[in-house]
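Trainee: Sequence:
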Amino acid sequence: MTRSRARDLNVCGVTAAIVVIEGKWRTALLWLLESGPHRPAELRRKLPGLSEKVLTQALREMETDGLVHREVHDVLPLKTVYSLTDFGRDLAEALAPLSDWGHRRLEKLAEAEAEAGPEAEAGPEAEAGPEAEAGPEAEAGPEAEAGPGAEARARAETEIEPEAIRKAS
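Taking the working numbering, the leading residue of the sequence shown gets 1, the next gets one more, and so forth.
No lab work stands behind these hints, which were simulated from the structure alone.
Warning: the hint list may mix true and false statements.
Here are the simulated distance ranges between beta carbons [unchecked claim]:
(1) Pro118 <-> Lys79: 24 to 34 Å
(2) Pro77 <-> Trp101: 26 to 36 Å
(3) Pro97 <-> Val75: 24 to 34 Å
(4) His103 <-> Glu42: 17 to 27 Å
(5) Glu52 <-> His103: 27 to 37 Å
(6) Ser99 <-> Val54: 38 to 48 Å
(7) Cys12 <-> Glu61: 12 to 22 Å
(8) Lys53 <-> Val81: 38 to 48 Å
(9) Leu76 <-> Pro97: 38 to 48 Å
(10) Lys53 <-> Arg104: 33 to 43 Å
(11) Ala96 <-> Ala116: 24 to 34 Å
(12) Ala116 <-> Arg60: 42 to 52 Å
Below 30 Å or equal to it, Euclidean Cα-Cα: the simulated DSSO-like pairs (lysine-lysine) are [to be verified]:
(13) Lys24 <-> Lys53
(14) Lys108 <-> Lys79
(15) Lys24 <-> Lys108
(16) Lys46 <-> Lys79
(17) Lys108 <-> Lys53
(18) Lys46 <-> Lys108
(19) Lys53 <-> Lys79
Note that CB positions come from ideal geometry on N, CA and C, so glycine has one too.
Could you put the whole structure together from the sequences, leaning on the hints where they help?
Mentor: Structure representation (structure tokens):
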């Protein structure tokens with residue numbers, strides 16, 4: 001959905017809400033800013049893999065959407081600080097149950113995998129044996145299993161801790 005369509009009053013409210021949080025870093029930025037104002041460099045340190053360009057773009061769009069406030073302090077060097085607006089805090093609060101649901105889902109998936117045992121994790125490919133023809137995933141190496149950005153997500157998960165951030169505010 002386009003950003004202009006998100007302002008259409010005839011659009012489903014959930015769809016309009018999703019437009020302002022879609023994107024790889026938006027929810028993580030909301031959680032970090034929920035704990036208080038941050039400078040851009042602080043946000044980048046807490047979100048490994050996030051480039052300065054992408055951070056600036058996301059924050060500017062979130063500012064346009066009314067979720068964050070950008071304050072530039074008149075000191076040298078210039079000091080820019082981002083914080084959530086009341087609207088942004090309302091959104092973060094509305095997302096809390098969705099976050100809880102996501103954590104419950106992940107726990108259930110982990111429990112199901114643990115109950116299935118290591119044989120189930122290997123899948124039917126493991127039974128084929130070494131004489132089975134290797135597909136394109138074999139050429140890609142171990143990162144192919146995890147998917148794009150898995151390393152950055154793993155680092156972000158250990159550094160962000162959304163539950164701790166939400167409880168601290």
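Trainee: Decide, hint by hint, whether the structure agrees.
Mentor: A quick look at each hint next to the structure:
In this structure the hint that Pro118 and Lys79 lie 24 to 34 Å apart at CB is violated, the actual value being about 52 Å. Distance hint check: the CB atoms of Pro77 and Trp101 are about 43 Å apart, inconsistent with the given range 26 to 36 Å. For Pro97 and Val75, the hinted distance range of 24 to 34 Å is not satisfied, since their beta carbons lie about 40 Å from each other. A hinted range of 17 to 27 Å holds for the C-beta pair His103 and Glu42, which are about 25 Å apart.
Checking the proposed 27 to 37 Å range against Glu52 and His103 shows it holds: the Cβ atoms sit about 30 Å from each other. At roughly 22 Å, the beta carbons of Ser99 and Val54 sit outside the given window of 38 to 48 Å. For Cys12 and Glu61, the Cβ-Cβ distance of about 20 Å falls inside the hinted range of 12 to 22 Å, so the restraint holds. At roughly 19 Å, the beta-carbon separation of Lys53 and Val81 lies outside the given 38 to 48 Å, and the hint is violated.
Checking the proposed 38 to 48 Å range against Leu76 and Pro97 shows it holds: the Cβ atoms sit about 44 Å from each other. With their beta carbons about 35 Å apart, Lys53 and Arg104 fall inside the hinted range of 33 to 43 Å. For the pair Ala96 and Ala116, the beta carbons lie near 31 Å from each other, so the given range of 24 to 34 Å is met. A hinted range of 42 to 52 Å for the beta carbons of Ala116 and Arg60 is consistent with their spacing of about 45 Å.
Annotation: proposed proximity of Lys24 to Lys53 holds, straight-line Cα distance about 13 Å (limit 30 Å). For a cut-off of 30 Å, the pair hint linking Lys108 to Lys79 is broken: about 44 Å separates their Cα positions. For a cut-off of 30 Å, the pair hint linking Lys24 to Lys108 stands: about 24 Å separates their Cα positions. For the hint pairing Lys46 with Lys79, the CA-to-CA distance comes to about 18 Å; that is within 30 Å, so the pair holds.
As the CA atoms of Lys108 and Lys53 are separated by approximately 37 Å, the hinted pair breaks the 30 Å bound. Restraint check: the Cα-Cα separation between Lys46 and Lys108 comes to about 28 Å, which is no more than 30 Å; the hinted pair holds. Between Lys53 and Lys79 the alpha-carbon distance is near 17 Å, which keeps this suggested pair within the 30 Å criterion.
Consistency note: the structure conflicts with the earlier hints numbered 1, 2, 3, 6, 8, 14 and 17.
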